[in-house]
Amino acid sequence: MHKKFIDKYKLKDIEYDLEKSFKIHAVSSEISKHRKKLDSYISKYDINHSNLFLVAYDEIITNIAEHSYKYDKSKMIRIELKIKEKILYLEIQDNGPAYDITKKRAKSPKKQFDKGAEGGYGMYLLKRILYKIDYLSEENTNYIYLQFNAAKIKFPVFEP
Amino acid sequence: MASTIDIKLSNAGKYQVLNVTGKIDSETSDKLTKKLTEVISSGQVNIILEFSKVTFMSSAGIGATVKALNDCKMKKGNLKIAGIQQEVKNVYDLLGFSGAFQFFATVADAAK
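Here the protein sequences come in this chain order: A and B. Letter by letter, the first sequence follows residues 194 to 353 of my numbering. Letter by letter, the second sequence follows residues 8 to 119 of my numbering.
These are computed hints drawn from the structure, not numbers from a lab. Glycine is no exception: its CB is placed at the ideal position from the N, C-alpha and C atoms. Treat the hints loosely; a few may be bogus.
As the list claims (entries may be wrong) - Derived CB-CB ranges, DEER-like: (1) A:K266 x B:D13: 24 to 32 angstroms; (2) A:K320 x B:K41: 36 to 44 angstroms; (3) A:E278 x B:Q109: 35 to 43 angstroms; (4) B:S49 x A:K213: 46 to 54 angstroms; (5) A:A310 x B:K21: 24 to 32 angstroms; (6) A:Y238 x B:E45: 40 to 48 angstroms; (7) B:T62 x A:F215: 16 to 24 angstroms; (8) A:D210 x B:L16: 42 to 50 angstroms.
What the hints assert, rightly or not - Cross-link-like lysine-lysine pairs, in silico, BS3-like; alpha carbons within 30 angstroms at most: (9) A:K263 x B:K74; (10) A:K308 x B:K119; (11) A:K303 x B:K82; (12) B:K96 x A:K229; (13) B:K42 x B:K80; (14) A:K297 x A:K196; (15) A:K320 x A:K275; (16) B:K38 x A:K304; (17) A:K216 x A:K277.
Just need the whole structure built from these sequences, with the hints factored in.
Next comes the structure, spelled out in structure tokens:
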């Protein structure tokens, strides 16, 4: 994991329950296959709302594959997963164009719904699901840091 | 193995039921969208999505159901969801869509 994230989020010296690294090709079939693999690891740790974590993970990886890599199967996405006491820590690396996902505005789901829009829900979901999301770009590599803590998820009370 | 979804059609009263099995993500949501478009274009604008065997739904899947609900309502019809697992419904809840869609335990309940 990038040193800047380790320092910022005080991740040094943590004895993780699980540490795994993966590399996947930037194609839909590998994304869904890998999501299933991730689920099999996570399921051993009794993580609440793990399905929501997989939704967020799927959103970010798909965005990279689609927008940064245009589903070029020769491109790789590297993923580092760590688990400690039901909190998930993830770092995702790619070598596509620099794009700070944390600065992307989340569209109002109500407005999207009222338009009958098929898209535009992902960013809002990410911000609701993830406890922390961070980004840095260095030497042609993008690093996205995610932290998932089910206890921090707040379900909204508004209804369209 | 890549994601797949299976969609079987059935009827419940005036409703066309789409019985969906699998994971709805960016790889498979197009298949759901295509089937919904076919059904709605054929004039069937009262739809029940039977989701008891749907084990994952990404934002792409949500989008497909939002569009279909909108298309049905524009044609004076309706779209309901039956049997959805709570882990999947959580995605609708997070978006604040719990009241926008009608959720039922079973197709029979939805078709009343």
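Going through the hints against the structure:
no.	hint	in the structure
1	A:K266 x B:D13: 24 to 32 angstroms	26 angstroms, holds
2	A:K320 x B:K41: 36 to 44 angstroms	30 angstroms, violated
3	A:E278 x B:Q109: 35 to 43 angstroms	39 angstroms, holds
4	B:S49 x A:K213: 46 to 54 angstroms	47 angstroms, holds
5	A:A310 x B:K21: 24 to 32 angstroms	28 angstroms, holds
6	A:Y238 x B:E45: 40 to 48 angstroms	42 angstroms, holds
7	B:T62 x A:F215: 16 to 24 angstroms	21 angstroms, holds
8	A:D210 x B:L16: 42 to 50 angstroms	45 angstroms, holds
9	A:K263 x B:K74	25 angstroms, holds
10	A:K308 x B:K119	28 angstroms, holds
11	A:K303 x B:K82	21 angstroms, holds
12	B:K96 x A:K229	19 angstroms, holds
13	B:K42 x B:K80	17 angstroms, holds
14	A:K297 x A:K196	24 angstroms, holds
15	A:K320 x A:K275	20 angstroms, holds
16	B:K38 x A:K304	25 angstroms, holds
17	A:K216 x A:K277	22 angstroms, holds
In terms of the numbered hints stated before, the structure departs from hint 2 and from no other.
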